[in-house]
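A.B. asks: Below are the chains, spelled out letter by letter.
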Amino acid sequence: MSNYGMVIIGAGETGARAAVELRSLGWTGKITLIGEEAHAPYERPPLSKPTLLEEHNPSPAYILDNKQLEEHRIELMKGCKAVSIDKNNHSVQLENGQNINYERLLLATGAQPRRLSIPLSGSQSRFDTSSVLYLRSFGDALSLRRRLEPGKRVVIIGGGFIGLEVAASARECGCEVTVIEAGPRILMRGVPEAIAAIVDARHRSAGVQFKLGVGIAGISSSGGESIITLINGETLACDALIAGIGAIPETALAAASGLAIENGISVDEKLATSDPNIFAAGDCCSFPHPLYGGMRIRLEAWRNAQDQGTHVAGSMLGAKEAYAAVPWFWSDQYDLTLQVSGLQGIGTTTVHRTLGSSGDLFFHLTDERTLAAASGIGGPGIAKDIRLAEMLIASKAVLDPDALARPDVKLKVLLKG
Amino acid sequence: MTYEGWITACEEEDIEEEDVIRFDYGDRTFAIYRSAKNEYFATDGYCTHEKFHLADGLVMGNHIECPKHNGRFDYTTGEAKRAPVCQALKTYPLKQESGLIWIRIN
Ligand SMILES: Cc1cc2nc3c(=O)[nH]c(=O)nc-3n(C[C@H](O)[C@H](O)[C@H](O)COP(=O)(O)OP(=O)(O)OC[C@H]3O[C@@H](n4cnc5c(N)ncnc54)[C@H](O)[C@@H]3O)c2cc1C
Ligand code: FES
Chain A
1 MSNYGMVIIG
11 AGETGARAAV
21 ELRSLGWTGK
31 ITLIGEEAHA
41 PYERPPLSKP
51 TLLEEHNPSP
61 AYILDNKQLE
71 EHRIELMKGC
81 KAVSIDKNNH
91 SVQLENGQNI
101 NYERLLLATG
111 AQPRRLSIPL
121 SGSQSRFDTS
131 SVLYLRSFGD
141 ALSLRRRLEP
151 GKRVVIIGGG
161 FIGLEVAASA
171 RECGCEVTVI
181 EAGPRILMRG
191 VPEAIAAIVD
201 ARHRSAGVQF
211 KLGVGIAGIS
221 SSGGESIITL
231 INGETLACDA
241 LIAGIGAIPE
251 TALAAASGLA
261 IENGISVDEK
271 LATSDPNIFA
281 AGDCCSFPHP
291 LYGGMRIRLE
301 AWRNAQDQGT
311 HVAGSMLGAK
321 EAYAAVPWFW
331 SDQYDLTLQV
341 SGLQGIGTTT
351 VHRTLGSSGD
361 LFFHLTDERT
371 LAAASGIGGP
381 GIAKDIRLAE
391 MLIASKAVLD
401 PDALARPDVK
411 LKVLLKG
Chain B
1 MTYEGWITAC
11 EEEDIEEEDV
21 IRFDYGDRTF
31 AIYRSAKNEY
41 FATDGYCTHE
51 KFHLADGLVM
61 GNHIECPKHN
71 GRFDYTTGEA
81 KRAPVCQALK
91 TYPLKQESGL
101 IWIRIN
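As you go down the protein sequences, you meet chains A and B in turn.
Okay, so the first sequence: first residue is 1 according to the numbering used here, each after it adds one.
Okay, so the second sequence: first residue is 1 according to the numbering used here, each after it adds one.
The hints are simulated quantities; they were obtained by calculation from the structure and are not laboratory data.
Keep in mind the model is a prediction, meaning the values are calculated, not measured.
Hints may be right or wrong, so weigh each one.
Pairs of lysine to any residue, SDA-like flavour, derived with a Cα cap of 20 Å [said to hold, decoys possible]: (1) Lys95(B) / His49(B); (2) Lys412(A) / Glu13(B); (3) Lys87(A) / Gly258(A); (4) Lys410(A) / Glu18(B); (5) Lys78(A) / Ala38(A); (6) Lys51(B) / Asp332(A); (7) Lys51(B) / Pro60(A); (8) Lys410(A) / Asp19(B); (9) Lys396(A) / Gly379(A); (10) Lys81(B) / Gly314(A); (11) Lys412(A) / Ala36(B); (12) Lys51(B) / Tyr334(A); (13) Lys81(B) / Arg303(A); (14) Lys49(A) / Ser266(A); (15) Lys49(A) / His69(B); (16) Lys51(B) / Leu336(A); (17) Lys49(A) / Arg146(A); (18) Lys81(B) / Leu388(A); (19) Lys95(B) / Glu18(B); (20) Lys320(A) / Ser266(A); (21) Lys320(A) / Ser274(A); (22) Lys90(B) / His49(B); (23) Lys410(A) / Asn38(B); (24) Lys416(A) / Asn38(B); (25) Lys81(B) / His49(B); (26) Lys211(A) / Pro184(A); (27) Lys320(A) / Leu336(A); (28) Lys416(A) / Glu16(B); (29) Lys51(B) / Lys416(A); (30) Lys51(B) / Lys95(B); (31) Lys81(A) / Ala256(A); (32) Lys412(A) / Glu17(B); (33) Lys51(B) / Asn38(B); (34) Lys51(B) / Pro58(A); (35) Lys95(B) / Asp24(B); (36) Lys51(B) / Ser59(A); (37) Lys396(A) / Ala256(A); (38) Lys95(B) / Asp14(B).
If we strip away everything but chain A, and leave its shape as in the complex, we get:
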């Protein structure tokens, strides 16, 4: 199989990083990067922020341009969808009928926005979801930005990160914005209540309206206007309706070829699937995390996509190391930056440290007083401490909550023990 190359399905963050890393690690054979989208790999984080706000026609923020693809001898097949995998014959079938043979295969298929579901028949509700917009791709962002004109009424379903980032951008475009969230507060997943409260207040001061703790009973649309009926009977009319209600890992291809699935494509600590020649990384996979006792997690975060892309390239070439990076993500809304490292849900107590005008840090400790996670909100000044906290999490050092609370105790000093 010497002429079989490394094949990557999914030309996103993970796929692009893996392709480059395979070269850096000395792989001299073929590298084929298969992507369904019409574009070379590009960054998604700007889609909810600058792409919506840029005055002139935006273009994607490319991760790899033609020159780099050429330099690394990566064959990019744009606009090509992989439709099946033949594990026995080591081949991938494309929608256009082509077959691509692989020595090792990487699935980096990412995730898709969760769609608003139509209630079961028999329910009184009426859901016309044809007018609902989602945000995952550059194309989605272009459709959305056309709707964000000053004075337009925008309703966002879901008070998670994507929904709130879009809310902030829509306000900055001069739209009237309402966020509907079924949970009792925004950002139920991944950040402590104190941070959610700061974000909530910032949105309200910018003029965003919230409908919290209330579900949707029906959606109808006509003549470019959508009417949302809430469970409490209230109705809202809008010119643009966007749903940001989570993402679903893209596992169809893997499942159809009989690979194990468990909240994403199930991989081991090296990111290998149940077939030793097939790997998966990024938003599409769930993996056991050594830092958290081997607990299986799935992340939807940019740095994880990068780091797993880099790591999996090594695994594809035979390295045995476990992927053990501390989870980390950020979100930008208005002038606020939020960063979280670790898994907040594992913590049992929270310690607050103020950084004055720079922001606030929250440390989430386990019962053993090791750090499970740290979250920060404020200006860019929080970044340094969140990064140090990440190292404290990895070190599993036992920490003194009083020291964590005191701004004059440097985290660098705690790290050095």
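The hints should help you fit chain B with the ligands onto chain A, whose structure is shown.
C.D. replies: Below, chain B with the ligands without anything else, positioned relative to chain A:
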């Protein structure tokens, strides 16, 4: 105060060991580093990936890590060390005199 193209950026003691501060001059911005070995270095203030102040980032050994996406540079040479940064940082000559840090920026 300036002479022969050198300007004073800060006092030696303004920067903690293994740390960085931001120095603005006119409409330009720089980052000035003090290593764990008490050597001083200067680079452009903004990351080459997006326009974020590197002085908000973390200094570890010879590296500065960008606060935004954790790209990394060797601040002693300006070399890009970790994705997503790929373009090197510009570095500037520094000198220490009378407890002051001088930088030559043109
Ligand atoms: C709007 C938005 C804002 C975000 N902001 C942040 C942020 O601020 N901070 C943060 O940490 N994270 C953020 N993220 C998350 C981050 O972008 C993702 O975690 C990251 O893109 C995941 O990379 P990936 O390569 O796993 O998947 P993706 O980037 O989704 O790439 C997967 C690619 O695979 C392709 N594909 C799927 N199936 C096939 C097939 N069968 N054949 C061919 N191609 C296929 C898809 O078309 C897609 O291009 C954001 C995401 C979005 C959508
Ligand atoms: S702005 Fe510095 S790494 Fe992105």
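A.B. asks: Against each hint, give a clear statement of whether it holds in the structure.
C.D. replies: Against the structure, the hints:
Our distance criterion of 20 Å between C-alpha atoms is broken by Lys95(B) and His49(B), whose separation comes to about 28 Å. This hinted pair checks out: Lys412(A) and Glu13(B) have alpha carbons roughly 18 Å apart, not beyond 20 Å. Between the alpha carbons of Lys87(A) and Gly258(A) the distance comes to roughly 9 Å, so the proposed pair stays at or under 20 Å and holds. Note on Lys410(A) and Glu18(B): the hinted pairing holds, with a Cα-Cα distance of about 13 Å set against a maximum of 20 Å.
About 5 Å separates the Cα atoms of Lys78(A) and Ala38(A), which keeps this hinted pair within 20 Å; it holds. Among the hinted pairs, Lys51(B) with Asp332(A) is consistent with the structure: their alpha-carbon atoms are about 14 Å apart, no more than 20 Å. For the suggested pair Lys51(B) and Pro60(A), the alpha carbons sit about 17 Å apart, so the restraint of at most 20 Å is met. The suggested pairing of Lys410(A) with Asp19(B) holds, with an alpha-carbon distance near 12 Å, which does not exceed 20 Å.
The suggested pairing of Lys396(A) with Gly379(A) is violated, with an alpha-carbon distance near 27 Å, which exceeds 20 Å. Simply put, Lys81(B) and Gly314(A) have alpha-carbon atoms about 18 Å apart, close enough for the 20 Å limit, and the pair holds. Distance check on the hinted pair: Lys412(A) and Ala36(B) sit about 12 Å apart at the alpha-carbon level, within 20 Å; holds. This hinted pair checks out: Lys51(B) and Tyr334(A) have alpha carbons roughly 16 Å apart, not beyond 20 Å.
Among the hinted pairs, Lys81(B) with Arg303(A) is consistent with the structure: their alpha-carbon atoms are about 16 Å apart, no more than 20 Å. Taking the CA atoms of Lys49(A) and Ser266(A), the gap is near 32 Å; set against the 20 Å cutoff, the hint is violated. A threshold of 20 Å between alpha carbons decides the hint, and for Lys49(A) with His69(B) the separation of about 15 Å falls inside it, so the pair holds. A distance of roughly 16 Å separates the Cα atoms of Lys51(B) and Leu336(A); the hinted pair therefore holds under the 20 Å criterion.
Proximity of Lys49(A) to Arg146(A) is assessed by CA-CA distance (about 14 Å); at most 20 Å being required, the pair is judged to hold. Of the supplied pair hints, the one linking Lys81(B) and Leu388(A) holds, its CA atoms being roughly 19 Å apart against a limit of 20 Å. Between Lys95(B) and Glu18(B) the alpha-carbon distance is near 17 Å, which keeps this suggested pair within the 20 Å criterion. With a C-alpha separation of about 17 Å, the suggested pair Lys320(A) and Ser266(A) falls inside the 20 Å cut-off, and the hint holds.
Of the pairs offered as hints, the one joining Lys320(A) and Ser274(A) holds, with about 15 Å between alpha carbons and a cut-off of 20 Å not exceeded. Restraint check for Lys90(B) and His49(B): satisfied, since their Cα atoms lie roughly 13 Å apart, inside the 20 Å limit. About 19 Å separates the Cα atoms of Lys410(A) and Asn38(B), which keeps this hinted pair within 20 Å; it holds. Annotation: proposed proximity of Lys416(A) to Asn38(B) holds, straight-line Cα distance about 18 Å (limit 20 Å).
Distance check on the hinted pair: Lys81(B) and His49(B) sit about 12 Å apart at the alpha-carbon level, within 20 Å; holds. Distance restraint check for Lys211(A) and Pro184(A): the Cα-Cα separation of roughly 9 Å lies within the 20 Å cut-off, and the hinted pair is therefore satisfied. For the suggested pair Lys320(A) and Leu336(A), the alpha carbons sit about 40 Å apart, so the restraint of at most 20 Å is broken. The suggested pairing of Lys416(A) with Glu16(B) holds, with an alpha-carbon distance near 16 Å, which does not exceed 20 Å.
Using a Cα cut-off of 20 Å, the hinted pair Lys51(B) and Lys416(A) is violated, with the two alpha carbons roughly 31 Å apart. Of the pairs offered as hints, the one joining Lys51(B) and Lys95(B) is violated, with about 27 Å between alpha carbons and a cut-off of 20 Å exceeded. Among the hinted pairs, Lys81(A) with Ala256(A) is consistent with the structure: their alpha-carbon atoms are about 15 Å apart, no more than 20 Å. The straight-line distance between the Cα atoms of Lys412(A) and Glu17(B) is roughly 11 Å, inside the 20 Å bound, and the hint therefore holds.
Restraint check for Lys51(B) and Asn38(B): the C-alpha separation of about 28 Å exceeds 20 Å, so the hint is violated. Proximity of Lys51(B) to Pro58(A) is assessed by CA-CA distance (about 17 Å); at most 20 Å being required, the pair is judged to hold. Restraint check: the Cα-Cα separation between Lys95(B) and Asp24(B) comes to about 17 Å, which is no more than 20 Å; the hinted pair holds. Distance check on the hinted pair: Lys51(B) and Ser59(A) sit about 18 Å apart at the alpha-carbon level, within 20 Å; holds.
Restraint check for Lys396(A) and Ala256(A): the C-alpha separation of about 40 Å exceeds 20 Å, so the hint is violated. Using a Cα cut-off of 20 Å, the hinted pair Lys95(B) and Asp14(B) holds, with the two alpha carbons roughly 15 Å apart.
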